[in-house]
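Asker: Under UniProt numbering, the sequence shown has 267 at position 267, and the numbering climbs by one with no breaks.
Note that these hints are calculated values from the structure, not bench results. Please note that a few of the clues may not be correct.
Listed below are the simulated EDC-like cross-link pairs for lysine to aspartate or glutamate, each with C-alpha atoms no more than 20 Å apart in a straight line [unchecked claim]:
id: 1; residue 1: 174; residue 2: 164
id: 2; residue 1: 165; residue 2: 321
id: 3; residue 1: 174; residue 2: 377
id: 4; residue 1: 165; residue 2: 377
id: 5; residue 1: 422; residue 2: 168
id: 6; residue 1: 339; residue 2: 363
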Amino acid sequence: MPITLGCPSCGKRFRARDESAGKRVKCPYCQTAVPVPVPEEGGAAPTVPVEPPPPPPAPSRPAFESDLLPPSQPRPAPSRPPVAPVRAKLPESPAAAADWGALPNQPAATGPVPTAASRPFPSAPPPELEPDPDAPPPAPKRGDRGSKPRPKPAAPEPKKKAAEKNPEQVLAKKWASVRRGLFWVRFSLLFVALLGFVEFGKAVYTRSVGELPKGEGWVQIEGYINSGGPNSIPLSKSDEINLATYGLLGALAGFLMVIGRLFSGGAPRNSGAGGMFALSGLLTLVAFVSVPVWIVCEKVPFPEEVKYARLALLVSAPLAEFWFLTALTASGLALKRPKVARQVGWLGFLFALIPVLVIVGWEQYVIHGRPKKPDADWLLYEQAAILMGWLIVVVGYWRAVGGVRRGALEFIRSVEDKDDEKS
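Construct all of the structure, not just a fragment, from the sequences and the given hints.
Answerer: Structure follows, in structure tokens:
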């Protein structure tokens, strides 16, 4: 029966024949001589004691170490490594291939001894266990805190492309700008109309109560108004009344007039009114600023500045009205409303009639019709006539501006109706 034994060098096991018991055979893997135990030893290969490796040599001491010892002290003997006991060697006899079970003509195997097959892993993962519904949720691990990815911001919705506007829609937008500007012009006419009631109100007060207050003004500001200094502006009570009435109403009317005419400068190019509206607004601004400059410089007094302010007012105001009325006429023709041209023509006639009435008519009235000492009733009638003429001019102005606004509104609505029919 073959004897199974293990190689103490490579650790692999092999078999030898019974005839090789008590002999040494070479390991077929590493060619190390291995003693074969006799069958009485239990068939197990004894453990062959391996000679321990010799200890490393002691570190060499320096040559001058012996000189450091005193002469009276004996020098220690040099240490020697322990000698391993010599064991009796068994007679080595090479074992034939047939001794350890190999065929005579078969080459010795050099590969490793086949081991047991590895346990195959299951192809499918084990089924997951369903969690207990009554069990509390597991606490989050320290590494899992804050590990959730932040939600990405929502993608912005794609902007819808604005539909291209046709030429009529572009014109409607520009006429809407003109209409907004003319609204402020008409709103300023309300304050212009109130300016005509100032003198009429004074006449009513004089007739019913008595003369207006006179003397030094009620307001006094040290160094500026009624303080008696060289740079102080003297104001009487009548001046302060005029400033409170004409100043407030004129400031509101002038500001709204400038804003409205500048906004109307967005008229369509094909109408030819845009530039005229804008130029009228700029000239109105010059006239609006020149009025307070004229009044203040006259009170200080600054005679040269008064002359310049008066000249600016006399030049800019007529030009501003001329360009504005021309722009109204051009807008009415572009909107196919000839009625606007007639209204503007009537307004222009009134503007031309005012200088004739003021210069020629008033002179003839004083010479032939007015009494030398008019009483309060006569003065009231005169102011009533002047107020009526003022309101006629304002109403003509209102109608001319309103005609262009109505024409612009009709054009805008017609464009909207066409768009509704197409949609």
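Asker: Taking each numbered hint in turn, which are not upheld by the structure, reported in ascending numerical order?
Answerer: Hints 2, 3, 4, 6 contradicted; others consistent.
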